[in-house]
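**Student:** Line order of the protein sequences matches chains A and B.
All residue numbers for the first sequence refer to the working numbering, where the first residue is 51 and numbers rise by one.
All residue numbers for the second sequence refer to the working numbering, where the first residue is 4 and numbers rise by one.
Rather than coming from a laboratory, the hints here were simulated on the basis of the structure.
Remember, predicted model here, so these are calculated numbers, not experimental data.
Glycine is no exception: its CB is placed at the ideal position from the N, C-alpha and C atoms.
Treat the hints with caution; some may be incorrect.
[As the list claims (entries may be wrong)] In silico BS3-like cross-links for lysine-lysine, where the CA-CA straight-line distance does not exceed 30 Å:
| # | chain 1 | residue 1 | chain 2 | residue 2 |
| --- | --- | --- | --- | --- |
| 1 | A | Lys142 | B | Lys88 |
| 2 | A | Lys146 | B | Lys90 |
| 3 | A | Lys142 | B | Lys35 |
| 4 | A | Lys142 | B | Lys23 |
| 5 | A | Lys146 | B | Lys88 |
| 6 | B | Lys23 | A | Lys147 |
| 7 | B | Lys90 | A | Lys147 |
[To be verified] If you want the footprint, here are the derived chain B segments under chain A, 3+ residues with CB under 8 Å:
| # | stretch |
| --- | --- |
| 8 | 12–24 |
| 9 | 70–82 |
| 10 | 86–93 |
Here are the chains, one letter per residue:
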Amino acid sequence: MDVMDRIRDAVETTPVVIFMKGTPQFPQCGFSSRAAAALSACGQEFGYVNVLADPEIFENLPRFANWPTFPQIYINGELVGGCDITLELYEKGELKKLVEDAAAANAKEA
Amino acid sequence: MTEENPRIAMIHERITEALKPTVLEVEDESHKHVGHPGAQAGGGHFNVLVVSAAFEGVPLIKRHRMVYDAMGDAMESEIHALSIKAKTPDEA
């Protein structure tokens, strides 16, 4: 599969997914670490892609949604933002709602 | 504004031109990331606070895109990470 298709597949089949440096357990960058921690705190399952383990995705993700930096958080196939936006939404209580709604919609479909 | 730091001056200039901010703070945090893999490639870490009327009625993701767009090609070279706070004058 072409790398853009792989990225599209990841964001469309996983309701909440973070492309990050490292993993939620072993993040390799402060921004990725904080964004993954905010998602974890929302209490729902989420997927992750370690961009350091996949050089092709690392190279091409910035042009997928025209967003230059990592991490990138997608909910229901749409880019929500990077670390700053994720933390800001978390602090406002909006991230939890987005994540819960995505999980509920996915459970209904399954 | 720190004239001695050419990257801060560049960020200042590009954001000022694109967004006409009423408040603009740019901070170079690169020293906190020495040894970080991204830092080794030469790109810096910066924090910016931008208060601009241009953000009124604009969702967060779009505000951040406006800042990234203002930075242009610098996002691919000079800047490794840009932490953004983008507010309207009412929110600031």
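**Student:** Given the hint that Lys142/A pairs with Lys35/B, does the C-alpha gap stay at or below 30 Å?
**Tutor:** 28 Å, holds
**Student:** Would you mind confirming whether the straight-line C-alpha gap from Lys146/A to Lys90/B stays at or under 30 Å?
**Tutor:** 22 Å, holds
**Student:** Using C-beta distances, would you say chain A covers the stretch 86–93 of chain B, given that this needs three or more residues below 8 Å?
**Tutor:** Coverage by chain A holds for the stretch 86–93 of chain B (3 residues, Cβ < 8 Å).
**Student:** Measure nothing beyond the straight line between the CA atoms of Lys23/B and Lys147/A; if it is 30 Å or shorter, mark the hint as holding.
**Tutor:** 34 Å, violated
**Student:** Between the alpha carbons of Lys142/A and Lys88/B, is the straight-line distance 30 Å or under?
**Tutor:** It holds: about 14 Å lies between the C-alpha atoms, which stays within 30 Å.
**Student:** Does the structure keep Lys142/A and Lys23/B at a Cα separation of 30 Å or less?
**Tutor:** It holds: about 27 Å lies between the C-alpha atoms, which stays within 30 Å.
**Student:** Decide if the proposed pair is consistent with the structure: Lys146/A and Lys88/B, CA atoms, cutoff 30 Å inclusive.
**Tutor:** 21 Å, holds
**Student:** Are there at least three residues in the stretch 12–24 of chain B whose beta carbon sits under 8 Å from a beta carbon of chain A?
**Tutor:** violated (count 0)
**Student:** Does Lys90/B pair with Lys147/A here, judged by a C-alpha cut-off of 30 Å?
**Tutor:** 22 Å, holds
**Student:** Would you check chain A against the stretch 70–82 of chain B, counting CB to CB pairs closer than 8 Å, and say if three or more residues qualify?
**Tutor:** holds (count 3)
Checked against the numbered hints given earlier, this structure breaks hints 6, 8; the rest are met.
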